[in-house]
Amino acid sequence: MTEPLLRTEGLTKHFKIGRATSRRTLHAVDDVSLAIGEREIVALAGESGSGKSTVARLLAKLYQPTAGEIYFQGKPLSAVRGRRAVLRYRGDAPMVFQDPFASINPVFRVSHGVMRCLKLHRPDLSPEQRRNEAERVFTAVGLTPASEVLQRFPHELSGGQRQRVGFAQALALRPKLILADEPVSMLDVSIRIGLLNVMATLRDTQGVSILYITHDIASARYVADRLIIMYAGHIAETGPTEEVLSRPRHPYTQLLLSAVPDPRAPLAVGAETDRGEPPRVIDPTPGCRFRWRCPLAIDECHHVTPPLRELLPQHSAGGRRDAGVPVRRRGSSRPGTAPRAAARGWAPRRRLPVIRSWT
Amino acid sequence: MPGDSSPLGSAAPASGTVLEVRDLSVEYLLERGTVLAVDQVSFDLSAGEFLGIVGESGCGKSTLLFAIAQLLVPPAEVTGGSVIFKGRNMVGLTDRELSAVRWRDLSVVMQSAMNALNPVKSIGAQYFDAMRAHGVASKGEIAERSSEVLKMVGIDPVHLKSYPHQLSGGMRQRAMIAMALLFTPDLVIMDEPTSALDVVAQRSLMVQIKELQEQLGFAIIFVTHDMSLVSHFSDRLMVMYGGLVAEFGATRQVFDNPLHPYSIGLLEAFPSIRGPRVPLTGIPGSPPNLANIPPGCRFAPRCPKVMARCEVEPPELYQMDGTLVRCFLHDGGGRADD
Amino acid sequence: MATTQTPPGAGDAGAGAAPGAGPFPQAGPAAAGLPLAGGGSVAGARSMRRMARAITANRKATVGTALLVLFIFIAAFPGLIAPYDPQAEIFPRSKGPSAAHWLGTTSFGQDMFSQVIWGARPVLLIAFGVGLLATIVAMLIGVAAAYLGGAADGTLNVITDVLLVIPLFPLLIIIGSYLHGAGTAVMIAVIAATGWSYTARQLRAQALSLRNRDFLNAAKVRGERPLYIICVEIIPTMTSLLVAAFLTNALYAVLFSSSLQFIGLGDPSVTSWGTMLYWAENNEAFQTGLPLWIIVPGLCIVLLGAAFALLNYAFDEIGNPALRPARSIRRGRAQRAR
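Here the protein sequences come in this chain order: A, B and C.
Quick note on numbering: the first sequence equals residues 24 to 382 in this note's numbering.
Quick note on numbering: the second sequence equals residues 165 to 502 in this note's numbering.
Quick note on numbering: the third sequence equals residues 914 to 1251 in this note's numbering.
Rather than coming from a laboratory, the hints here were simulated on the basis of the structure.
A quick note: this is a predicted structure, and the numbers were derived from the prediction, not measured.
Please note that the accuracy of each hint is not assured.
Here's a subset of chain C near chain A, in silico, CB distances under 8 Å, partners left out [stated by the list, open to error]:
(1) Asp998
(2) Ala1001
(3) Arg1126
(4) Asp1127
(5) Phe1128
(6) Asn1130
(7) Ala1131
(8) Lys1133
(9) Val1134
(10) Arg1135
(11) Gly1136
(12) Thr1150
With a straight-line Cα cutoff of 27 Å, these simulated DSS-like cross-link-like pairs (lysine-lysine) come out [stated by the list, open to error]:
(13) C/Lys1133 to A/Lys98
(14) A/Lys84 to C/Lys1133
(15) C/Lys1133 to A/Lys199
(16) C/Lys1133 to A/Lys39
We treat Cβ as the ideally placed atom computed from N, Cα and C, and that holds for glycine.
Make the full structure from the sequences, and use the hints.
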């Protein structure tokens, strides 16, 4: 198999919290291994606190990983040092931010950001060529007439237009991968579609891959080829979008799907006791991080952190039990083994599910 | 207010019309000119009814809400119409007269709890302030009621001692809703209370709100830009555009059979997680500049079904099978009379 | 900071929104409004016109600017206005106002009016000198502390705090008495060196609030160097606070330098308002029937200080519409009634 465009292995990021003397760490991202190929949009979905934004910032080199490695085009990111190399990487993997009102400097015209991008990353261009290039990227994202929009100030543009400016800035670098951190979350619903279409167009016509970070599964389905679901710093499930959404394996994915409001479907009234309280993962003990909210949690879930197992080709899930499908015994089983043994694919004994009540 | 059995209000729902809004108009008086934010909006609200108001940013829905709650500050001003709440016209009342009504009969839940809650006071202290301000003297009564409302929204009463920043986003919103219910008001106005929350928390909060409404019998006006959110909860739905009512009718009817091209466009702007994957277009263009209102229908520049008439003549609100719609495509049913 | 209600169509939702809607803080659908620091554009013909319009519209700005311009003119061209050499002790002593000497003469035989006119220059030099110097130092220290964070921030903070805590005027007296007659340049250096700490605190606070704004992260992610980010991205967005810092520092420079000169620590051979007060006091001006010798320079100091203070308030109001007097609403209504 060819080397994917971007690949992470065991990516981990911990933050120290509390006072200088405290030893508590916040486990924002733990052991995340994902891959993004060429010309594809991969959606990274999860609640707030799931670690998805942290993953984006790690990939954008805004944070340094605590452990694990990121490989871009086969080369490790930790080896990228020195201004020239870092600048080249930043040109290959730029980031688009969430807040259209805070991500553009209000003091300058909107041409400022694009021109700086071009000046830093494509110094071979003459000012005339830079101007043309700026107009080209603005047109590519749908901001027309480009020459006129370039002269405006940010407060004269709507939220949707500002987000397009963000994409235009990224496009000006001729990137291979755009890291889009919740680019449509702060926009009105009717404007989101426009921007999602821009993203799809960029993939199709410009050959750019996009890592689309979101908490909205419906928009992920609309635009993404593959879907990664994160929970509490771990990857819960990953696979082709249609596959994951039509046959979700992880209980968290099922919970997310049931919570998405769909006016066309009747209201599914289930056990509405899940409040949507995302966990703050501080100094976690071993065990599945979803166990407190999982309707299928068994005793083992409290002691052993389940690994990400491949259930079908390309479709992996991290839960201990497949929803509704009993897990068959595989060989001898020993309860309460260390996580490392679990990583070798040890399967639990067949038992009846214990329904936990939780409030 | 005189006539209440207890200072905390009763839980039995009143019958009849709770709110009558007639031809309400709100303008922003700026140096550059006036911006007509809300243009002659009228509707009635019955006791215990859930009314959803949807629209994009800038359509005037939040301004309408503030006008109803009499929370407008200069340069915004009510320039016409009336808001009759339980028989009294709220427009033009002094602060003193309003305070008798505020929170006891009408309360407001803001968009972001972090904006509405005092960050340096514990939740319990804020409930205490609210109740003291409305004449509940006994500390015991206050403590009991505070615990009661927190339990109603599913928060452990031990959190009365917590500060807002110690609670998660979802819990803060619930605490805000609990505060709004302290006196069991007849009308609760909510301005996008779930927009800062994630999908699961959002759904949980909506279900909770609906349960509380069925339990306590208050009417709700719920403003949001996300139509699908209210689709299962509201009784009637009002779609606003450019300061005007575009469509107004029973929720199910508006969803199953939208009449106004804007409503149709809004509904189609939602990607679905079930069913076939189809390319969507959203609604191209952007809302009108309300400082400089164009003649004719305000949606005409973006309307896929625009006719020549639409650009010169502004449409009135027409009746069509129980739904009100402001579009020449449906003017056969005659004008709506209010 | 509370969100002021953004008029629809004039804020973010309108593509054709009128420029000059800039001063309004923006509000996103899910976020609280964040005040835009320095909402104006970088200097250019357009911003000059906008500034001129803002000045004439705001009463405080008009009065403050008029006073300041008057004093600048006097300080720049004293020879055009003053009839005589201020130091010349050739006139009859201690005379009251007359046609030849508009304010009379001092007890040394100098023309008071010429003294007042020539006395403006050192005061304004000190005001602008300290204003500029102290603001630049405050900006460098404050912004660097905020952006660099960590140990650098800690050290700079300690230095700032030490200077803040020490009472400034006694410190200036001590330094002044060592310097035996501080001329203009020395005065500027001393006051600037001790007075930057107050505004450094303010600038650091604002820079801290800006630090995590996404546009700074965006600059970092596109590969800008930290020095570039500080100078080009952060500082221009703080222009309104920098202008306020300049005006604050200028005001205090005027007051402190005049006070120091009054108690005799300035250079008595320099003609300035403060030294006039010194000589007037030493020669018992009130008792000997020369009240103007004290009143006029004192009044000039007060007026110059007031000019700076008025401009400070005016800038606040121009930058944050919420602070503007509510008078404008009634004026607007009266205009519409015409």
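Evaluation of the interface hint that places C/Asp998 against chain A, nearest CB under 8 Å:
Result: violated, 48 Å to nearest chain A Cβ.
Does the closest beta carbon of chain A sit nearer than 8 Å to the beta carbon of C/Val1134?
5 Å, holds
Taking 8 Å as the limit, does the beta-carbon of C/Arg1126 come near enough to a beta-carbon in chain A?
For C/Arg1126, the interface hint holds, since the closest Cβ of chain A sits about 5 Å away, which is under 8 Å.
Minimum beta-carbon distance criterion (8 Å), C/Phe1128 to chain A:
5 Å, holds
Holds or violated: the hint that C/Gly1136 contacts chain A, with Cβ atoms closer than 8 Å.
5 Å, holds
Just to be careful, I want the Cα atoms of C/Lys1133 and A/Lys98 compared with a cutoff of 27 Å; is the pair within it?
22 Å, holds
Is the straight-line distance between the alpha-carbon of C/Lys1133 and that of A/Lys39 27 Å or less?
23 Å, holds
Hold the hint about C/Ala1131 up to the distance rule: shortest CB distance to chain A must be less than 8 Å.
5 Å, holds
Mind checking the CB of C/Asp1127 against every CB in chain A and telling me if the closest is under 8 Å?
For C/Asp1127, the interface hint holds, since the closest Cβ of chain A sits about 4 Å away, which is under 8 Å.
Satisfaction of the C/Thr1150 interface hint, Cβ to chain A closer than 8 Å:
5 Å, holds
Is the hinted pair C/Lys1133 and A/Lys199 satisfied, with a Cα-Cα distance of at most 27 Å?
19 Å, holds
Would you settle whether the hint for C/Lys1133 is holds or violated, based on the nearest Cβ-Cβ distance to chain A being less than 8 Å?
7 Å, holds
Going through the hint list in order, the structure does not satisfy hints 1, 2.
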